[in-house]
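Undergrad: Spelled out, the chains give:
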Amino acid sequence: QQQVKQSPQSLIVQKGGISIINCAYENTAFDYFPWYQQFPGKGPALLIAIRPDVSEKKEGRFTISFNKSAKQFSLHIMDSQPGDSATYFCAASLFGYQLTFGKGTKLSVIP
Amino acid sequence: EADIYQTPRYLVIGTGKKITLECSQTMGHDKMYWYQQDPGMELHLIHYSYGVNSTEKGDLSSESTVSRIRTEHFPLTLESARPSHTSQYLCASSEAGAGANVLTFGAGSRLTVL
Chain H
57 QQQVKQSPQS
67 LIVQKGGISI
77 INCAYENTAF
87 DYFPWYQQFP
97 GKGPALLIAI
107 RPDVSEKKEG
117 RFTISFNKSA
127 KQFSLHIMDS
137 QPGDSATYFC
147 AASLFGYQLT
157 FGKGTKLSVI
167 P
Chain D
932 EADIYQTPRY
942 LVIGTGKKIT
952 LECSQTMGHD
962 KMYWYQQDPG
972 MELHLIHYSY
982 GVNSTEKGDL
992 SSESTVSRIR
1002 TEHFPLTLES
1012 ARPSHTSQYL
1022 CASSEAGAGA
1032 NVLTFGAGSR
1042 LTVL
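Here the protein sequences line up with chains H and D, keeping their order.
Heads up: the first sequence begins at 57 in our numbering, then just goes up one per residue.
Heads up: the second sequence begins at 932 in our numbering, then just goes up one per residue.
Here chain H stands alone, though its shape is the one from the complex:
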């Protein structure tokens, strides 16, 4: 049973465009929702995270939107750059417990 469903599997965006990756979760007890970014040959690294008491969190060009009633959250990358090309993983957990990851989205930003 997959507790965190991520889409799309791959995404191609032109430079300067907006990249949007969506995730849906099943366990309403989850209270921590991070996004990890992974470049080829590297391990994933924490990009941005949100808790369910807020609907949006922005850090630079990266924004998480959170919809508690729909059990969905998404990552928006504004003004996407070729350097943003990577695999992005959403995840969810109970605070302090193990993360459950989505399957990942491979983002390619083309010039």
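Please keep in mind that the hints were generated in silico from the structure rather than gathered at the bench.
Don't be surprised by glycine CBs; every beta carbon is placed ideally from N, CA and C.
Don't take each hint at face value.
[To be verified] Distance ranges between label pairs, derived from CB positions:
(1) 1033(D) x 84(H): 21 to 27 Å
(2) 109(H) x 1043(D): 41 to 47 Å
(3) 1043(D) x 85(H): 23 to 29 Å
(4) 83(H) x 951(D): 33 to 39 Å
(5) 153(H) x 934(D): 19 to 25 Å
(6) 990(D) x 107(H): 21 to 27 Å
(7) 66(H) x 959(D): 34 to 40 Å
(8) 943(D) x 117(H): 22 to 28 Å
(9) 951(D) x 123(H): 43 to 49 Å
(10) 945(D) x 166(H): 37 to 43 Å
(11) 102(H) x 941(D): 36 to 42 Å
(12) 991(D) x 102(H): 19 to 25 Å
[To be verified] With a straight-line cut-off of 30 Å between C-alpha atoms, the simulated BS3-like cross-links for lysine-lysine are:
(13) 114(H) x 988(D)
(14) 988(D) x 162(H)
(15) 948(D) x 98(H)
(16) 127(H) x 113(H)
(17) 127(H) x 988(D)
[To be verified] Now the stretches of chain H that chain D is said to cover, found in silico as 3 or more residues with beta-carbon under 8 Å:
(18) 106-118
(19) 158-167
Once you have looked at the hints, place chain D on chain H.
TA: Structure of chain D alone, referenced to chain H:
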């Protein structure tokens, strides 16, 4: 600069061989984890540890074993490798308590079993 180190980065071995994947962290983190990652698939937790002499199995059943004799060291061992063990193995660590959800990952060990 990496604070969590995995060796080897790449390993190609024959069926039946014993292998150990090494993982060391310099951050003094209490919690350490091993994830298995296949292309197009989510990261699957196979082992974790809350501290020295503590090891637990994760969500994904694995024939590998782990040990935690020192805080900074969390090796993973396969006694008899098989082609089905071909995968990328990622080690991670985190603080305990409030910092437990912030994982720091190593660069991974890519294992190919022929």
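Undergrad: Confirm or reject the claim that residue 1043(D) and residue 85(H) have a C-beta distance inside 23 to 29 Å.
TA: violated, 39 Å
Undergrad: So does residue 66(H) sit 34 to 40 Å from residue 959(D), Cβ to Cβ?
TA: At roughly 38 Å between Cβ atoms, residue 959(D) and residue 66(H) fall inside 34 to 40 Å, so the hint holds.
Undergrad: Residue 988(D) and residue 162(H) were given as a pair; does the straight-line alpha-carbon distance stay at or below 30 Å?
TA: Answer holds: residue 988(D) to residue 162(H) is near 29 Å, not above 30 Å.
Undergrad: May I ask you to test the hint 33 to 39 Å on the CB atoms belonging to residue 83(H) and residue 951(D)?
TA: Holds - the Cβ-Cβ distance for residue 83(H) and residue 951(D), about 35 Å, lies within 33 to 39 Å.
Undergrad: 21 to 27 Å was suggested as the range; check whether the CB atoms of residue 1033(D) and residue 84(H) agree with it.
TA: holds, 23 Å
Undergrad: Against chain D, does the segment 158-167 of chain H show at least 3 residues with beta-carbon separation below 8 Å?
TA: n = 3 at 8 Å, threshold three: holds.
Undergrad: If you check the beta carbons of residue 951(D) and residue 123(H), does the distance land in 43 to 49 Å?
TA: holds, 45 Å
Undergrad: Looking only at beta-carbon atoms, does the pair residue 990(D), residue 107(H) fall within the given range of 21 to 27 Å?
TA: For residue 990(D) and residue 107(H) the Cβ distance comes to about 23 Å; the hint holds.
Undergrad: Can you confirm whether the C-alpha distance between residue 127(H) and residue 113(H) stays at or below 30 Å?
TA: holds, 16 Å
Undergrad: Could you see if the CB distance from residue 945(D) to residue 166(H) stays within 37 to 43 Å?
TA: holds, 41 Å
Undergrad: Under 8 Å between beta-carbons, do enough residues of the segment 106-118 of chain H, three at least, approach chain D for the coverage claim to hold?
TA: Contact hint for the segment 106-118 of chain H vs chain D: violated, 0 residues under 8 Å.
Undergrad: If I claimed the Cβ atoms of residue 102(H) and residue 941(D) lie 36 to 42 Å apart, would that claim hold in this structure?
TA: Cβ of residue 102(H) to Cβ of residue 941(D): about 25 Å, so the range 36 to 42 Å is violated.
Going down the numbered hints, you'll see the structure goes against 3, 8, 11, 13, 18, while the others check out.
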